Amino acid sequence: MTLRTRLFALVGAVVALTDILVTATVASSARRAFAAVDDQRTAVLVTQVRREFVSEGEQVAQRLERVASSDEVVRLAADLGRSKTNAAAYVGAAAPLAASQGLDFLDLVSEQGTIISSAHAPARFGYRHPWLPPGATSMPESESVFLQRVEFPNDVALGVVATRSIPAGDGRILLVGGRRLDERFLKTLVLPAGTRVLLYRDVEPEITHRQLVDASGVVADVQPFEPLIARVRQTRQDARAQIAGSSDTESVAAVPLAGPDGAVRGVLLVASSGRELASLVNRIRWSGLLFGALGLVVGCGLSYIVAARVTRPVEELADAARAVAAGRWDVQVHADESSGEVGALARAFRTMTEQLADQRDRLVQAERVAAWRELARRLAHELKNPLFPLRITVDNLTRAKSLTPAEFDEVFEESVGTLTTGLANLNAVIGRFSDFARMPMPQIADLSPNDVAQRAVKLFHAQLASGERPPIHLTMDLDPSVGRIEADGEQLGRALTNLLVNAIDAMPQGGELTIRTRRANGGVRFEVSDTGQGLTEEERQRLFTPYYTTKQHGTGLGLAIVQSVVADHHGRIWVDSEPGRGTTFHIELNRT
Amino acid sequence: MLPFRFASPAIVNAFCVVVCVASLIATPTAARPQYGGTLRVSAHASIRSLDPGAAITDRSEAVLSARMRPLVFETLVEVDAAGGLRPVLAESWESDAAGARWRFRLRPGVTLHDGSPLEAWKIAAALRTTATAWTVSTDGEAVVVEPARPERDLAWALADPRHAIAVRRSAAELVGSGPFRIDRLESGRALLKAHDAYWAGRPFVDSVQVDFQRSPRVQLADFESGRADIVELQPSDVRRVTERGLRVAATRSIDLLVLVFESNRAEAASEPARRLFAGALDRSTIASVLLQGRAEPARSLLPSWLSGYSPELVASTVPRPTRTTVMALPAAQRTLTLRVDPADAVAHSIADRIAEDAREVGFTVTVQAPTGLAPRPDVRLVRAALASTSPDRSLLQLGAELGSRTLSAATPGPVLTAGASLDTVVRFERAVLGGFVVIPVVRMPELFGVGDAVDISEGEAVDPTGRWNFANLWIRSSTRARP
Numbered sequence: 041m042t043l044r045t046r047l048f049a050l051v052g053a054v055v056a057l058t059d060i061l062v063t064a065t066v067a068s069s070a071r072r073a074f075a076a077v078d079d080q081r082t083a084v085l086v087t088q089v090r091r092e093f094v095s096e097g098e099q100v101a102q103r104l105e106r107v108a109s110s111d112e113v114v115r116l117a118a119d120l121g122r123s124k125t126n127a128a129a130y131v132g133a134a135a136p137l138a139a140s141q142g143l144d145f146l147d148l149v150s151e152q153g154t155i156i157s158s159a160h161a162p163a164r165f166g167y168r169h170p171w172l173p174p175g176a177t178s179m180p181e182s183e184s185v186f187l188q189r190v191e192f193p194n195d196v197a198l199g200v201v202a203t204r205s206i207p208a209g210d211g212r213i214l215l216v217g218g219r220r221l222d223e224r225f226l227k228t229l230v231l232p233a234g235t236r237v238l239l240y241r242d243v244e245p246e247i248t249h250r251q252l253v254d255a256s257g258v259v260a261d262v263q264p265f266e267p268l269i270a271r272v273r274q275t276r277q278d279a280r281a282q283i284a285g286s287s288d289t290e291s292v293a294a295v296p297l298a299g300p301d302g303a304v305r306g307v308l309l310v311a312s313s314g315r316e317l318a319s320l321v322n323r324i325r326w327s328g329l330l331f332g333a334l335g336l337v338v339g340c341g342l343s344y345i346v347a348a349r350v351t352r353p354v355e356e357l358a359d360a361a362r363a364v365a366a367g368r369w370d371v372q373v374h375a376d377e378s379s380g381e382v383g384a385l386a387r388a389f390r391t392m393t394e395q396l397a398d399q400r401d402r403l404v405q406a407e408r409v410a411a412w413r414e415l416a417r418r419l420a421h422e423l424k425n426p427l428f429p430l431r432i433t434v435d436n437l438t439r440a441k442s443l444t445p446a447e448f449d450e451v452f453e454e455s456v457g458t459l460t461t462g463l464a465n466l467n468a469v470i471g472r473f474s475d476f477a478r479m480p481m482p483q484i485a486d487l488s489p490n491d492v493a494q495r496a497v498k499l500f501h502a503q504l505a506s507g508e509r510p511p512i513h514l515t516m517d518l519d520p521s522v523g524r525i526e527a528d529g530e531q532l533g534r535a536l537t538n539l540l541v542n543a544i545d546a547m548p549q550g551g552e553l554t555i556r557t558r559r560a561n562g563g564v565r566f567e568v569s570d571t572g573q574g575l576t577e578e579e580r581q582r583l584f585t586p587y588y589t590t591k592q593h594g595t596g597l598g599l600a601i602v603q604s605v606v607a608d609h610h611g612r613i614w615v616d617s618e619p620g621r622g623t624t625f626h627i628e629l630n631r632t
Numbered sequence: 309m310l311p312f313r314f315a316s317p318a319i320v321n322a323f324c325v326v327v328c329v330a331s332l333i334a335t336p337t338a339a340r341p342q343y344g345g346t347l348r349v350s351a352h353a354s355i356r357s358l359d360p361g362a363a364i365t366d367r368s369e370a371v372l373s374a375r376m377r378p379l380v381f382e383t384l385v386e387v388d389a390a391g392g393l394r395p396v397l398a399e400s401w402e403s404d405a406a407g408a409r410w411r412f413r414l415r416p417g418v419t420l421h422d423g424s425p426l427e428a429w430k431i432a433a434a435l436r437t438t439a440t441a442w443t444v445s446t447d448g449e450a451v452v453v454e455p456a457r458p459e460r461d462l463a464w465a466l467a468d469p470r471h472a473i474a475v476r477r478s479a480a481e482l483v484g485s486g487p488f489r490i491d492r493l494e495s496g497r498a499l500l501k502a503h504d505a506y507w508a509g510r511p512f513v514d515s516v517q518v519d520f521q522r523s524p525r526v527q528l529a530d531f532e533s534g535r536a537d538i539v540e541l542q543p544s545d546v547r548r549v550t551e552r553g554l555r556v557a558a559t560r561s562i563d564l565l566v567l568v569f570e571s572n573r574a575e576a577a578s579e580p581a582r583r584l585f586a587g588a589l590d591r592s593t594i595a596s597v598l599l600q601g602r603a604e605p606a607r608s609l610l611p612s613w614l615s616g617y618s619p620e621l622v623a624s625t626v627p628r629p630t631r632t633t634v635m636a637l638p639a640a641q642r643t644l645t646l647r648v649d650p651a652d653a654v655a656h657s658i659a660d661r662i663a664e665d666a667r668e669v670g671f672t673v674t675v676q677a678p679t680g681l682a683p684r685p686d687v688r689l690v691r692a693a694l695a696s697t698s699p700d701r702s703l704l705q706l707g708a709e710l711g712s713r714t715l716s717a718a719t720p721g722p723v724l725t726a727g728a729s730l731d732t733v734v735r736f737e738r739a740v741l742g743g744f745v746v747i748p749v750v751r752m753p754e755l756f757g758v759g760d761a762v763d764i765s766e767g768e769a770v771d772p773t774g775r776w777n778f779a780n781l782w783i784r785s786s787t788r789a790r791p
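In order, the protein sequence lines correspond to chains U and L. The first sequence begins at 41 in my numbering and counts up one residue at a time. The second sequence begins at 309 in my numbering and counts up one residue at a time.
In short, the hints are calculated from the structure, not lab data. Please read all numbers here as calculations on a predicted model, not as lab measurements. Any given hint could be a false lead.
To be verified - Label-pair restraints from in silico Cβ distances:
(1) L/M635 <-> U/R276: 14 to 22 Å
(2) L/M635 <-> U/E266: 28 to 36 Å
(3) U/A260 <-> L/A682: 22 to 30 Å
(4) U/V94 <-> L/R497: 50 to 58 Å
(5) L/R497 <-> U/R90: 16 to 24 Å
(6) U/S256 <-> L/A682: 26 to 34 Å
(7) U/E266 <-> L/R631: 29 to 37 Å
Positions of the beta carbon are idealized from the N, C-alpha and C atoms, including for glycine.
Only chain L is shown next, with the shape it has when bound in the complex:
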């Protein structure tokens, strides 16, 4: 039997430091917790459903849904701030040596939002809907999961919010066991109420109100005026927020911005142009100036804290090309259209800078941020979220976010599967980056502004993995501004 495992020792060390520092910043006064009040959160995206089984194609909706879903629906296990697994609905778990049969012993006394107890058969039924390839059964107070083929890290897969336990009462009603229950989910707002019988103790706030479709400017204005307690922040706003004495919560650098060449520019003959284009990027300036030091240059797909190896192991260093070198390329290869998500302002500014860097050495780059139909681009700037699980699964998830064919097209050699060894991951990533079809740019955190009325008993309002830790925070009524 194997206990749960950590991603790597480096992760543990790094996150311990982050957690300690965050704890010192977050609880300087150790104020006494207060019950009651509504936590007001603003978000740029909007969600239509929190159903873990719902297929979401819009990235911003998927990200927001991943943040909100754990507040309502819990998984058996989850990745903690240090990068390890911690029990949630499962009290403990074990598997055979091959990882072919996993047994999760359930936490006793867990009640659903409708007051009914959460029993093994309900969890098994929920998992069968989200993981059709697995055989899920019950064994007394335990749930037994048998994957189609042995998976030694299946527990990490169950930490994925998509495998959250949602008990279906009717076609439209889902019941969870999380600290909050869904009270209202409308087009512009979601209202979550505290789950009084939550197994870890009732949340301090009575409710969480999430306002959708709030632009970054509006969010900042709401935040500064006290009309919102927690908002999404742009890197350029961090200085302004901190100057006003407001707090900033940051995740780890879990977002990777990466350039992906389209198939018409991915052929081997265009590799010199792609290499020169990669060399033109001034990642350091993007990270330090444009993203105000809140990001780090990325030369590999997986961060060292997740993979455990240096970027130099998988990516070669390309010197900045001269204008003469670039001008020697065929004119068609020097002209590129760079597409970026029009809803992602940060990505757009990064794309502008990439275009500027490329122009400086002789490329002609047009930034395209279409809201409708547009000509086919040559290269896309994609924001992809890194799952804080294992390197193989993170890389697979990254491939899914970049496009199912992107990584396979970039890597004619190695094939990556879940549970692959670290050596395979290294070879795969090296193959992906070797042809310069996929060019990492920067890795950046998600930033949140936390109002001065918000206090927390443990951790931060948003933990390093991006999870909203709203069950442990409370509102200081004395400091809340009147809207």
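Isolated chain U (complex conformation):
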């Protein structure tokens, strides 16, 4: 992992972690603040709802009072008080009275508890009032308003009920009336946004959805509220709970509404929506994400810039080091203009490369001098051998002036022959040096390696076939599948010829000469083997040095020429040899 990547990851992690911490802290604080505000708001709402509930009861009491004091009821009471048998005439009296005062239900009940007229259940006339306790002979009265389960023809409701007693002759008539406690009551409540009030009416044994209403009507999903309602019904005390709905989590305060006997007749549920809090937390979360992303972008940008300032000189130094390794000693490093450690490193690097270049130049110069010395030594050596007979011959000719003409002619003829031979040897030495100096650039052509090998071997057939020397057995092991290569056939042939000459020279006692071609490493390998005396380690080390030879009359240029040809073909050459075990030269060339 590069420094730049590490720096990028570090900055990103720091920014993300900071952002998460800030977001979580703010969201948590917002939750706590909202919870406190929600508690206060719910408490206010509960107080308000209680007040409205009490007000509803007072209104019911007032309305029933107006009914009780109406002319119709006074006349009815007087009439029934005079004659207890004509109650049938008033069977329809309750409905208009209830309608006039906006009461949802109203019963005119005799002192014995028989319904004279019922506004909400007109067909119940003549029957005992359902609230008359079993065995009781008179209808109970209550001064206060209370909650009561009220049966209507088609449903059962929870009602806010008041009662009034009207004198009727010697007896009395009871008015029992009130209003439904349902969504209509809930609609009258003025609620702040995000809150709602639900009413559970305990009018059926089991909790069903029909019993739970809010201002818009029956609440379809009563199940989330069931545990809270059940708790309030059981404990008869206020309770609170967080209730998760399909789209919202509400904080719900439950207030029991008791009937005259203390039993819970209804439960008011003041629900405060958690949607605002959820929305705020959501906004905080999104803000955190947004700022986190922004921080990441900025951090990445900064880290890139910083990393670039730090790593660019290092990378430049690395590139320069690779260039130096590749042999480019003149590479320039600009990082030395930087300050600090990187600048010092760059300056040291530049000093190092300058010193290396200087030493290389010196080495080249020294090698060049050494080469010239070696060349001079070889030239001296090569020239001294032919020159010695020439100087002796010239001395003989000088001394022969004192001889007889015949003897002089004989010496002269012999000396001329010797001089000619010596000059020819000098010429040959000079020609070999000239050939090495004139090595031309290879002329690449498509050719068959086997053909090149066969042409090279053909030059030695006559020599090997003559009986002048111990026999050398030639073996050609040419792989027909080697294919063709791109090479200079003449230079390659010359290289193989030199190797064959060396091999033949290495076997003065005769032996086995083998030339092979093989497919190797995607190219072609030539192998020339002899069974001569082999090479020592030192000889192998110096084998390809120009003008080095193990032969008595060699120039030391043969293998140098071979190496030069192989190098010009971008191939490689190596030798396997052990003293007494023969020698094998390997040349490996690419196909192109």
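Given chain U's structure and the hints, the job is docking chain L onto it.
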């Protein structure tokens, strides 16, 4: 030859008393008749045609049509207030002993609303359209009717308003001979004009205006404010009307409210449940309280004044069941849906009370008053009108109103036909009521409010049979309230 006959002596006696009392109430001051003015009548229903041959499926329209049709189209004979037959367009009638050939001698001098004389051939032609099973011919100034099989009481059948004489002038124009002629018949109102050449004398009022589709509340308001002279009254409004000094005219108890179990609850296995349900009914309270004493508990289909026999002869007395008894029934049999006509407010309140009575003993009853499609009920509360003719024909007509299959399903035994003997009628009714598939509840009159501007020379504005006696009443212009 047989003269016309009375339903029964009991009917005659009862109606004489009613007529005498009504006459005393109706004409206390014997004011002098006045011609002119428009009699304004309000009705809850509406009618589309007064054509006697028109098929009417809506009961309320059929009832109103039966009230209005005699004002325009007359029958040969009609049932009078005492329950007997009286001549109208026929001056007299006679038949052979078997009732196979009836000859009706027509009243002379009768003119139609277009001024043309009403001749025998016109009556014969009209009867052929309303009674296709009969052979109707003329014999001089008489009309001869020969039923497909002998009918000894064919004259009573001709008293049915469906056999009123309507002379067809064109495809859309019918002409009658009644005291009023049709001037306009619109969707919300009918206007009838006095027939100046009416054979019994020109009516006192110039016209009768009948306003349709007026709800009971609106009718009462119109009546109390003087915007209507004659309105339909609910039993619960009677006390209020009488307290305000307005008159109430009542027919005989010609409407029978009866519970009819549907076929899914009519099988023999459900009879115990039906019996207990019948026993739960508090008919007396319904009649005395809910219907303000204007009705009478019904335990038989035919009233005694029509049948001549006691309800005990055909219906057994069922004691009120205890809750324990009812709860012993299978739950499915204890749960019923009771359907009632949503347009019939009185029937609806009676259904509510029936449901309440049943609930008291353990039944679970849901009252259903659908205005559209609704689930099949278990039992229906049906209002049926009793024809004030013979017991056999009344029972047949009742069966037609309850549903053609109802009585036959309830009575696997006897078969009732027109002209059947009283013994057959008794056995048939006993069979019908024996299985408690059909349970009579109450029998009640039709009630009308009669404004104080209305006066009458003879009888009441609405006679005990329900016929509108508008030809004999007049408007006291001095007392009419200005709308």
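Okay, the hints, checked on the actual structure:
1. Under the hint 14 to 22 Å, the C-beta atoms of L/M635 and U/R276, about 33 Å apart, miss the expected range.
2. Range check, L/M635 to U/E266: Cβ separation about 31 Å, and the 28 to 36 Å hint holds.
3. Checked against the hint of 22 to 30 Å, the pair U/A260 and L/A682 passes, with Cβ atoms roughly 25 Å apart.
4. Range check, U/V94 to L/R497: Cβ separation about 54 Å, and the 50 to 58 Å hint holds.
5. The hint said 16 to 24 Å for the Cβ distance between L/R497 and U/R90, and at roughly 57 Å that hint is violated.
6. For U/S256 and L/A682, the Cβ-Cβ distance of about 27 Å falls inside the hinted range of 26 to 34 Å, so the restraint holds.
7. Checked against the hint of 29 to 37 Å, the C-beta distance between U/E266 and L/R631 comes to roughly 33 Å, which is consistent with it.
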